[in-house]
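Visitor: Letter by letter, the chains look like this.
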Amino acid sequence: MSVRFGIAVFPGTWSDRDCAHAVELAGAEAVPLWHADRDLKGSDVVILPGGFAYGDYLRAGAIARFAPLMEAVQEHAQAGGLVLGICNGFQVLCEAGMLPGALLRNASLQFRCQPACLRVETTQTPFLSGCQKGQVLQVPVSHGEGRFYADRETLAQLNAQGRVALRYCEADGALSWEANPNGSLENIAGILNERGNVLGMMPHPERACELLLGSDDGMQLFQSAIQHLAALPA
Amino acid sequence: MVSLKEVVNDPQGLVVTDALHSLGYPEVGAARVGKFISLEVAGQDLESARERVDEMCRRLLCNGVIEDYRFELRPVAVA
Numbered sequence: 001m002s003v004r005f006g007i008a009v010f011p012g013t014w015s016d017r018d019c020a021h022a023v024e025l026a027g028a029e030a031v032p033l034w035h036a037d038r039d040l041k042g043s044d045v046v047i048l049p050g051g052f053a054y055g056d057y058l059r060a061g062a063i064a065r066f067a068p069l070m071e072a073v074q075e076h077a078q079a080g081g082l083v084l085g086i087c088n089g090f091q092v093l094c095e096a097g098m099l100p101g102a103l104l105r106n107a108s109l110q111f112r113c114q115p116a117c118l119r120v121e122t123t124q125t126p127f128l129s130g131c132q133k134g135q136v137l138q139v140p141v142s143h144g145e146g147r148f149y150a151d152r153e154t155l156a157q158l159n160a161q162g163r164v165a166l167r168y169c170e171a172d173g174a175l176s177w178e179a180n181p182n183g184s185l186e187n188i189a190g191i192l193n194e195r196g197n198v199l200g201m202m203p204h205p206e207r208a209c210e211l212l213l214g215s216d217d218g219m220q221l222f223q224s225a226i227q228h229l230a231a232l233p234a
Numbered sequence: 001m002v003s004l005k006e007v008v009n010d011p012q013g014l015v016v017t018d019a020l021h022s023l024g025y026p027e028v029g030a031a032r033v034g035k036f037i038s039l040e041v042a043g044q045d046l047e048s049a050r051e052r053v054d055e056m057c058r059r060l061l062c063n064g065v066i067e068d069y070r071f072e073l074r075p076v077a078v079a
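If you read the sequences in order, they're chains A and L. Numbering-wise, the numbering used here puts 211 at position 211 of the first sequence, and it's gapless, one number per residue. Numbering-wise, the numbering used here puts 65 at position 65 of the second sequence, and it's gapless, one number per residue.
Hints listed in this document are in silico derivations from the structure and should not be mistaken for laboratory results. Misleading hints may appear alongside valid ones.
Stated by the list, open to error - The following label-pair restraints were derived from C-beta to C-beta distances: (1) K5(L) with P115(A): 31 to 39 angstroms; (2) F66(A) with E40(L): 34 to 42 angstroms; (3) S108(A) with K5(L): 53 to 61 angstroms; (4) E29(A) with E47(L): 51 to 59 angstroms; (5) F66(A) with A42(L): 15 to 23 angstroms; (6) R50(L) with F66(A): 19 to 27 angstroms; (7) S22(L) with G27(A): 31 to 39 angstroms; (8) V16(L) with F111(A): 14 to 22 angstroms; (9) C113(A) with D54(L): 33 to 41 angstroms; (10) E186(A) with A77(L): 50 to 58 angstroms; (11) Q12(L) with R17(A): 26 to 34 angstroms; (12) V31(A) with L20(L): 48 to 56 angstroms; (13) D216(A) with A49(L): 52 to 60 angstroms.
Stated by the list, open to error - Some chain L residues well away from chain A (every beta-carbon gap over 12 angstroms; in silico): (14) S22; (15) Q44; (16) V53; (17) G64; (18) E67; (19) V76.
Here the structure is a predicted model, which means the values were calculated and not measured. For each residue, glycine too, the CB sits at the ideal point set by N, CA and C.
Given only the sequences and the hints, what does the whole structure look like? Please build it.
Guide: Take a look at the structure:
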């Protein structure tokens, strides 16, 4: 049986079709999940895609977190189900308290849509289990509010528990301010929950799944999740 | 009023500070940019309205990870 990815659609979501395309390229099934339903339609993995859910009014993700669908997503995550929040989806996960910290206006005050290099900081999550620690993935960013912030204590805890999943880096893996497109603390591009089954990241892996688009490194996240689920006992 | 916590970098505030300096207001130390939200709340009792609004701030209007809030209530007679 093929792995099923449920892809959330809020009013204002824009990356759902791209995510479905990437998931299908990876050999899995993609089903849309409507924000007003509590039904995950039997999804193994839930993707909260990029966009501007509810117009990002008030704060990015602030309204979306109260959508009926999010109750089902929280239950799915609590039961150990996989959840991937991309860009706006990461913002929703933070607002919902499913991941710590918050995403603020880019330090440059500019919307940044550009290629980025990401250093894999841990493979202790089904989304990166097919990668090597220290590997550099080329995946684009496209956001105006991606500056990760957490207080000092939370940041120390994320580091100590190996929950920083991805950091913005140079092509050779070196961390620098220049490689950081939004001013995130410690170049953080993606983080995990304690259990490692929920990943939030600002860059868009679904936009890096075909060489025609410059990189297919993003495919590794989808394939890792699929392989992880396929290896579980039935 | 919802504003970024003191410890959170506010790039909009920095730009506003620079702009005011270049307009000839060197006395401006630092500007912070926040949000102003106005609510009409029905009710008779100021104290219970205060509790409700405080809850609204904590649940939705303010993200306590990055923001602080304060509010004031002003009774308005309805015709």
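Visitor: Taking the Cβ atom of E29(A) and the Cβ atom of E47(L), is their distance within the range 51 to 59 angstroms?
Guide: Cβ of E29(A) to Cβ of E47(L): about 55 angstroms, so the range 51 to 59 angstroms holds.
Visitor: Just tell me: holds or violated, for the beta carbon distance of D216(A) and A49(L) against 52 to 60 angstroms?
Guide: Because 56 angstroms falls inside the window, the suggested range holds.
Visitor: Taking the shortest Cβ-to-Cβ distance between G64(L) and chain A, state whether it exceeds 12 angstroms.
Guide: Contrary to the label, G64(L) does not stay out of reach of chain A, its closest Cβ about 9 angstroms off (not over 12 angstroms).
Visitor: Is the Cβ of V53(L) farther than 12 angstroms from every Cβ of chain A?
Guide: At roughly 15 angstroms from the nearest Cβ of chain A, V53(L) sits farther out than 12 angstroms, so the non-interface label holds.
Visitor: Assuming the hint says 33 to 41 angstroms, is it satisfied by the Cβ distance from C113(A) to D54(L) or not?
Guide: Since the Cβ atoms of C113(A) and D54(L) sit about 39 angstroms apart, the hinted range of 33 to 41 angstroms holds.
Visitor: Is it true that the C-beta distance of Q12(L) to R17(A) lies inside 26 to 34 angstroms, as the hint says?
Guide: 33 angstroms, holds
Visitor: Should the label of S22(L) as a non-interface residue stand, given a Cβ cut-off of 12 angstroms to chain A?
Guide: Fine: 16 angstroms to the nearest Cβ keeps S22(L) off the interface.
Visitor: Determine whether the Cβ-Cβ distance between S22(L) and G27(A) falls within the hinted range of 31 to 39 angstroms.
Guide: The hint (31 to 39 angstroms, Cβ to Cβ) is violated, given that S22(L) and G27(A) are roughly 57 angstroms apart.
Visitor: For Q44(L), is the shortest beta carbon distance to chain A beyond 12 angstroms?
Guide: 28 angstroms, holds
Visitor: Indicate whether the distance between the beta carbons of R50(L) and F66(A) respects the range 19 to 27 angstroms.
Guide: With Cβ atoms ~23 angstroms apart, the hint holds.
Visitor: Take a quick look at V76(L) and tell me if its Cβ sits farther than 12 angstroms from every Cβ on chain A, holds or violated.
Guide: 24 angstroms, holds
Visitor: Check the following: the C-beta atoms of V31(A) and L20(L) are separated by a distance inside 48 to 56 angstroms.
Guide: 52 angstroms, holds
The structure does not agree with the numbered hints 2, 3, 7, 17 and 18 stated previously, though it agrees with the rest.
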